[in-house]
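**Student:** Line by line, the protein sequences give chains A and B. Take this note's numbering: the final residue in the first sequence is number 338, and no numbers are missing along the way. Take this note's numbering: the final residue in the second sequence is number 338, and no numbers are missing along the way.
Heads up, some of the hints might be wrong.
Identical copies carry no separate label here, and so any pair may be met within one copy or between two of them.
[Stated by the list, open to error] The calculated DSS-like cross-link candidates involving lysine-lysine, where the alpha carbons are at most 30 Å apart (straight line), are: (1) K203 x K304; (2) K320 x K225; (3) K304 x K225.
Treat the hints as calculated values from the structure; they're not laboratory data.
Protein chains: 2
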Amino acid sequence: MSEPSDIRIVLVETSHPGNIGAAARAMKTMGLGELVLVNPKDYPCVEATARAAGADDVLANARVVDSLAAAIADCQLTFGATARLRSLRWPVVTVREAAGMAITERQSSKVAVVFGRERTGLSNDELALCQKLLNIPVNPAFSSLNLAAAVQVVCYELRIAALGDAVHEPERPEEEYAPAGMIDSFHAQLERDLVDIGFLDPDNPRQLPLKLRRLFIKARPTINEIKIMRGILKGLSRKRNATDA
Amino acid sequence: MSEPSDIRIVLVETSHPGNIGAAARAMKTMGLGELVLVNPKDYPCVEATARAAGADDVLANARVVDSLAAAIADCQLTFGATARLRSLRWPVVTVREAAGMAITERQSSKVAVVFGRERTGLSNDELALCQKLLNIPVNPAFSSLNLAAAVQVVCYELRIAALGDAVHEPERPEEEYAPAGMIDSFHAQLERDLVDIGFLDPDNPRQLPLKLRRLFIKARPTINEIKIMRGILKGLSRKRNATDA
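Can you build the whole structure from these sequences, using the hints too?
**Tutor:** What follows is the structure, given as structure tokens:
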């Protein structure tokens, strides 16, 4: 596992400083920290810092430049993000494919993902500086993805790609699961008790034992949980015997 | 392909109305529309509507209830979202695994994803109402994922799972790609011209023709682009002959 901290995020002519702060926060939650701002309209700004909510270091380290070309001058692989497929002349990849490529290539190439203006995105001249167009699939009936939300989705995919298999950590219960034999002997006790109280007819059990077993197997009980269930059966049986006596 | 519109999003005791609006926008961009609010602190509110930015219909249709139990009373599969793995007593799945399960099971089950309070998340009593804990992998050093950003990531994964293979639409260029034979004859012409000007030695070509072929094959040129390149060669050749004459 390694953080996707070396992938650069570039925001072109962002209008709302709040979006810059929210983008910085989105980046940092996913382990990114390299932000470049191309001609931000209103920056630095108290609103950006407020929305960064603790990711101020990302803002403090952000570089401000006056052209996209300057922002990516040292990059060998640049993705231009878009929610709409406005132009199909550029090679388009999904955000997931892009994240996979970025993480694969970052060993040998400096990688950047570029986000355009809130309303109008990236110009054709800016797109021409990108090797690939990165598409976030959106609802065609409502494609108004917020800028920081788009950054969040991209950085999330970069993190997942960077973590690789590390993200799929196996479930670790605090307690050990019950082994099959333990569950089996619990069921044997349960069935004896059910016969005992006349709920289960041993000559005509129908599917009752099977259904009970299926219920507990689905729950994947821990050793402790089986012990609790056995305790309950024991307690019920003792009560029954006391009443019978 | 079918939109994930039947998956319910539940927000529990949201403090900031702006987050409710931003969550509605996040939902709609990904094709979701069913929002239930459990005891929102300040709602309805003009800030929620402002941040919804066109997803007002999601807010207008949102149900407000007074308990999580009421919000999910009709649900058969409920995920509780968390950015932190605070408790491992619940079965934990990644957001991607959860999205896959949700889309697989929605045929037979009503599915909800529940998001807790901005600062404190879901209580243990609330988690106990969820079949699974849905984990969004975050930077352990900065796990402060904004509520609407978390909703965005979850809805994005639901959309990708719902679209299935439809999301991987093949690249469709506006123009037809050049067939191999066409590219080949272009290279033949190019090489003849390079010999003609003394740039390529036919007896000792080194790797030049190969390198040129590799350059163009990587670009995956369209028919029109090859025609343009052939036109350029022809023009250069005509110029050359005129100068020689």
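**Student:** Give a verdict on every hint.
**Tutor:** Results for each hint:
In this assembly of identical chains, the alpha carbons of K203 and K304 lie at most 30 Å apart only when taken from different copies (24 Å versus 58 Å within one copy). With identical chains, the CA atoms of K320 and K225 are at most 30 Å apart between copies only, with a shortest distance of 24 Å across copies and 58 Å within one. Taking CA atoms no more than 30 Å apart as the test, K304 paired with K225 passes between copies only; the shortest distance there is 23 Å, against 55 Å inside one copy.
Violated hints for the displayed structure: none, as all numbered hints are satisfied.
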